[in-house]
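Participant: Residues per chain, in single letters:
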Amino acid sequence: MPRMPQLQWDLFCRVVDNFGDVGVCWRLAADLAARGERVRLWVDDARALAWMAPGGAAGVELQAWPDAEDDTRPVGDVVVEAFGCELPPAVLVRIAEKAAEAPRKPVWINLEYLSAEGYVERSHRLRSPQMHGPARGFSKWFFYPGFTAATGGLLREPELMAQREAFDRDAWLAAHRIAPQPGEQLASLFCYQVPSVEALLGCLDHAGHERTLLLVPGTAPPLPALPPSVRVQSLPYLTQPDFDRLLWACDLNFVRGEDSLVRALWAGRPFIWQIYPQHDGVHELKLQAFLDRFDASPDIRAAWRAWNGLQAAPVAGPDRASWQAQCLIWRKALLAQTDLASQLLSFVAESL
Amino acid sequence: MKIAQEIRAGNVIMHDKNPMVVLKTEYSRGGRNAATVRMKLKSLLNNSGTEVVFKADDKMDQIILDKKECTYSYFADPMYAFMDAEYNQFEVEAENMGDAVQYLEDAMPVEVVFYDGKAISVELPTSLVREITYTEPAVKGDTSGKVLKPAKLATGFEISVPLFVETGDKIEIDTRTHEYRKRV
Chain C
17 MPRMPQLQWD LFCRVVDNFG DVGVCWRLAA DLAARGERVR LWVDDARALA
67 WMAPGGAAGV ELQAWPDAED DTRPVGDVVV EAFGCELPPA VLVRIAEKAA
117 EAPRKPVWIN LEYLSAEGYV ERSHRLRSPQ MHGPARGFSK WFFYPGFTAA
167 TGGLLREPEL MAQREAFDRD AWLAAHRIAP QPGEQLASLF CYQVPSVEAL
217 LGCLDHAGHE RTLLLVPGTA PPLPALPPSV RVQSLPYLTQ PDFDRLLWAC
267 DLNFVRGEDS LVRALWAGRP FIWQIYPQHD GVHELKLQAF LDRFDASPDI
317 RAAWRAWNGL QAAPVAGPDR ASWQAQCLIW RKALLAQTDL ASQLLSFVAE
367 SL
Chain P
100 MKIAQEIRAG NVIMHDKNPM VVLKTEYSRG GRNAATVRMK LKSLLNNSGT
150 EVVFKADDKM DQIILDKKEC TYSYFADPMY AFMDAEYNQF EVEAENMGDA
200 VQYLEDAMPV EVVFYDGKAI SVELPTSLVR EITYTEPAVK GDTSGKVLKP
250 AKLATGFEIS VPLFVETGDK IEIDTRTHEY RKRV
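Residue numbers (this note's numbering), protein chains in the order written: chain C, 17 to 368; chain P, 100 to 283.
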């Protein structure tokens, strides 16, 4: 495909809670910019970027959320509202104006949540006509990240797997003052809550090895009392590249939400996912859809369900060798997908 | 004005200055309690079809069309026939029936929808009671209702029900989302 001219992207992000919203949006913005696009990231709470991405990224311009009704700044070639965040009316007016006046209509994309459920494939790349409000008569497009070829794929920077391959574990651990004893198992812990100490210890246990649990900031306290064979070390806030490397360095990762799930998949290490809990229990169906999509073994299903508080903790965690093997199979299958940023670029090129 | 999640198969909405009958809707829960509705539409002017998706709370204008209380009579491929209280018969194309066919029973009351004097679709009640004709045996002990299993209705349509539901049970179904509501 011929290279498109550099485009101006406006990526809008509202932080609902935690770090996932802005984390995903920053990774996408930086990925697009690294491929030559110009990106303005509009975010209503950028505090977390101070530690996620302290150095910023070339080509990414960070902007405060455009609240003012008289804001007349024109929108770019592509408008992305992340996770269905409501755009301010002034921005909708700008979209409608540009659609009516400019020779090239802006492409307006609603980037949805990640899910393994079947509706994602059925709804991906569908038009959403706007029937009310300032953008009435104009359409946006729903774009779904996902785990199959019929979805928008996952964020995966072009150089990520090469960096993963060249990763110097010992040097990275030393630089971050993490000093495991010979044979000691390292596990990272990033979760909304610890549902039970049994669920935690069952997964941590591996052939009687000593273990160090590395606590990622944002993990809800309090941590339950753990046996002496589990050493606990609290980590400072890590940049996104360092968070990735933490997952690469550990023998086991406990991750949560959307962004760290994807990074754990790319790490290719045994991991256990805590899904964002929803009040009506719909997260259970979403977790089930993921486990079904990847044909997870019964012991992995049991451990994951226990870690999400959906069943009692099994007596023992999954067999570590087969767990490792499954994670590599999952990663291999996902590496065959076109990544999210590439798919967005293709979609925009077709739509403009 | 309605919001997307209130639109049902059989409703007619305006899309690109074109009255479109809604053939099928799919309500899906996203992350963080957000939801979307996918719709399969067919133009009443030229029969062309399209699929669209909305946030569940997107506002839209439903075209209010004439409706008549009727009962289902019979199916003569490709038309479904309905009769009103005065024994007038109206036929609706199978393609326009949407998910209504999944719940159809002899003499079932429905609302037949008319556009320009022609019967174009039917609307179901929001909820219906149907018997489960087959599901795997009930599992004792799980009464949470959160873990689901497939269950078949007499039409062969499959919906998800809690583990404690058994073959022969009558259940209430939300016809907009095809979700189990309760055992009756």
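Any given hint could be a false lead.
[Claimed, not checked] Here are a few chain P residues that sit away from chain C, every Cβ distance over 12 Å (derived from the structure):
hint	residue
1	126
2	135
3	156
4	189
5	213
6	247
7	252
[Unchecked claim] Derived lysine-lysine pairs resembling BS3-like cross-links, with alpha carbons at most 30 Å apart:
hint	chain 1	residue 1	chain 2	residue 2
8	P	101	P	123
9	C	302	P	166
10	C	302	P	217
11	P	123	C	302
12	P	101	C	114
13	P	139	C	121
[Said to hold, decoys possible] To give an idea of the chain C side of the interface with chain P (calculated C-beta under 10 Å), a few residues:
hint	residue
14	67
15	129
16	245
17	249
Worth flagging that the hints you see were computed from the coordinates, not collected in a lab.
Idealized CB from N, CA, C, for every residue including glycine.
Participant: Decide, hint by hint, whether the structure agrees.
Facilitator: Right, here's what the structure says about each hint:
no.: 1; hint: 126; in the structure: violated (9 Å)
no.: 2; hint: 135; in the structure: violated (6 Å)
no.: 3; hint: 156; in the structure: violated (10 Å)
no.: 4; hint: 189; in the structure: holds (29 Å)
no.: 5; hint: 213; in the structure: holds (23 Å)
no.: 6; hint: 247; in the structure: violated (8 Å)
no.: 7; hint: 252; in the structure: holds (20 Å)
no.: 8; hint: P:101 with P:123; in the structure: holds (17 Å)
no.: 9; hint: C:302 with P:166; in the structure: violated (39 Å)
no.: 10; hint: C:302 with P:217; in the structure: violated (43 Å)
no.: 11; hint: P:123 with C:302; in the structure: holds (23 Å)
no.: 12; hint: P:101 with C:114; in the structure: holds (28 Å)
no.: 13; hint: P:139 with C:121; in the structure: holds (25 Å)
no.: 14; hint: 67; in the structure: violated (23 Å)
no.: 15; hint: 129; in the structure: holds (3 Å)
no.: 16; hint: 245; in the structure: violated (35 Å)
no.: 17; hint: 249; in the structure: violated (31 Å)
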